[in-house]
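With the working numbering as the guide, the letters of the sequence shown map in order to residues -19 to 579.
If you are wondering where the hints come from, they were derived from the structure by calculation, not from laboratory data. What you are looking at is a predicted structure, and each value in this text was computed from that prediction instead of being measured. Ideal placement from N, C-alpha and C gives every residue a C-beta, glycine not left out. Hints are supplied without guarantee of correctness; some may be wrong.
[Said to hold, decoys possible] The following label-pair restraints were derived from C-beta to C-beta distances: (1) K204 / E103: 33 to 41 Å; (2) N171 / I135: 28 to 36 Å; (3) Y(-15) / E338: 42 to 50 Å; (4) Q411 / K518: 30 to 38 Å.
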Amino acid sequence: MHNKYIRNFSIIAHIDHGKSTLADRILEFTGTVSARESKDRLLDNMDIERERGITIKSQTVRLSYKAKDGQVYEINLIDTPGHVDFSYEVSRSLASCDGALLVVDASQGVEAQTLSNVYMAIENDLEIIPVLNKIDLPHADAARVKDEIEEIVGIEAQDACEVSAKSGLGIEELMETIVKKIPHPTGERGNKLQALIFDSWFDTYQGVVILVRVFEGTIKLRDKIHFKYSSEDYEVLKLAVNSPFFTEVTELNAGEVGMIICGVKTIRDVKVGDTVVSAKFRDTPMLEGFKESKPMVFCGVFPVDSVDHSVLKESLEKLALNDASFTYEPENSNALGLGFRCGFLGLLHMNIIQERLEREFDLNLISTAPSCNYTVKTTQGEEMMVDNPAELPDQTLIESISEPIVQINIHVPNEFVGNVIKLCSERRGVQQDMKYITTERVQLIYDLPLVEMVFDFYDKLKGLTKGYASMDYEVIGYQQSDLVKLDILLNNDPVDALSLICHRSNAQVKGRELVERLRKLISRQQFDIAIQAAVGAKILARETVKALRKNVLAKCYGGDISRKRKLLEKQKRGKKRMKMVGSVEVPQSAFLAVLKTDN
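From just these sequences and the hints, can you work out the full model?
So this is what it looks like as structure tokens:
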């Protein structure tokens, strides 16, 4: 098909504004799926996506649409996630599109991530079409939301498409708008091949499957292709598209989106953002690609059974191929043995990766408390990046520690502003701006340390605002702060996996909470266990798990008191000796307790 009849677009929106449901209605309307094949949120193909009701991975689908003028168009639709932790998926998808549908809930209006996704689309120079969804709800207010889009986002919205993704209302008008307003791809088939890799995953039977957008030229079966980043050559064994199920094709032309299978066995040979060119013309320039994502939240992941270490390594490799924003490197812990230090974009991203490891690869894991990347300046003048509290130098060798600061953008109804300001102040936030978007909605902008946000900030925000607040954030830099390493000692031995870095003003409160929680979780042994929280040599809090005690006097009914005293003294000597050699078993729930400490 000539590329003037091709349209490539993404659906972008805030969480729960109806992206995946709208994709379902478009698939049904165009006849891409039959009534028998149709199911709710068809493009969310992971179990975890269906259970949680969120999109985690961007999904592509090719569909054919016959317009009112009789012309048939080939449309490549990309459904994207809404949560801020998966914004990297959105940026990758937008790099392969020519336009975007901006879906806004007609009852809730513009939310925080609506804005961040729009700015991403503007950066990619895309044509943006505003779409008002849920127009059939009784409290939908189309006129108000159109004004909001124009005032806050700054794009023309009076002619915005009004649809109901649930009932299918307005889908035909939307499809006509897509073919009229979204520009066609510009590439030429006769040019040298340039294709952008914007996703990849591992298939047990076919090796690495590579998802590309062809910008220039043509890829055909048996062509020899060259990956610019890894400088490797391969032969194209299969070409396919999702329509919406895996369908093999003989070629992919300029402007099209599809999958290449070329027997890539090594995961490291494929890099998302790389350019595929013809092996005959290796000097063809690379496409611009997109910015590398930097993980902001780190935690240690260890197998409960050490024999699973190699399985964990293999599993992480496969997940990293499918998720370029996730990183890992080997780590050794005195308490937990061999494992990996993993980097994530946020706490939800971390939870999803851990759940996928346990489900898809049948692993039993222990995770340490999440931390951030700190910049440490030593007294010798050296600068180092530390993401693991165990790697922090001795307090006497540290001149200063800087922590990452995020700018957080919160949209909240007027009645909850006080609660949000109090929450941000408690988390060491500094207010930068506060403005009324409408008479009922307020936008708050705060600078906040990232470490104060990664634990439970989002949950607290939703709880304090009855679920009405929405937030978006971006890292804006590092700031020097009075930070200390809080150690947990069990019978005077530090447990490196329970250490965390926190602000000096919070250290005592956090230390007390943590030892109290651990006292309830650590099982009683034959000897007393002292649980202490310490900063350097200073003990901030202490709890004791009392020893189990066998009733050695059970056989002494009546008789001389000296006999009883002798048995008790013997028991005491035995306990003392046991304490010298006894090691404390720490259950998995104890490591999770660090996550649940309330500020």
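Are any of the numbered hints broken by this structure? If so, which, sorted upward?
none
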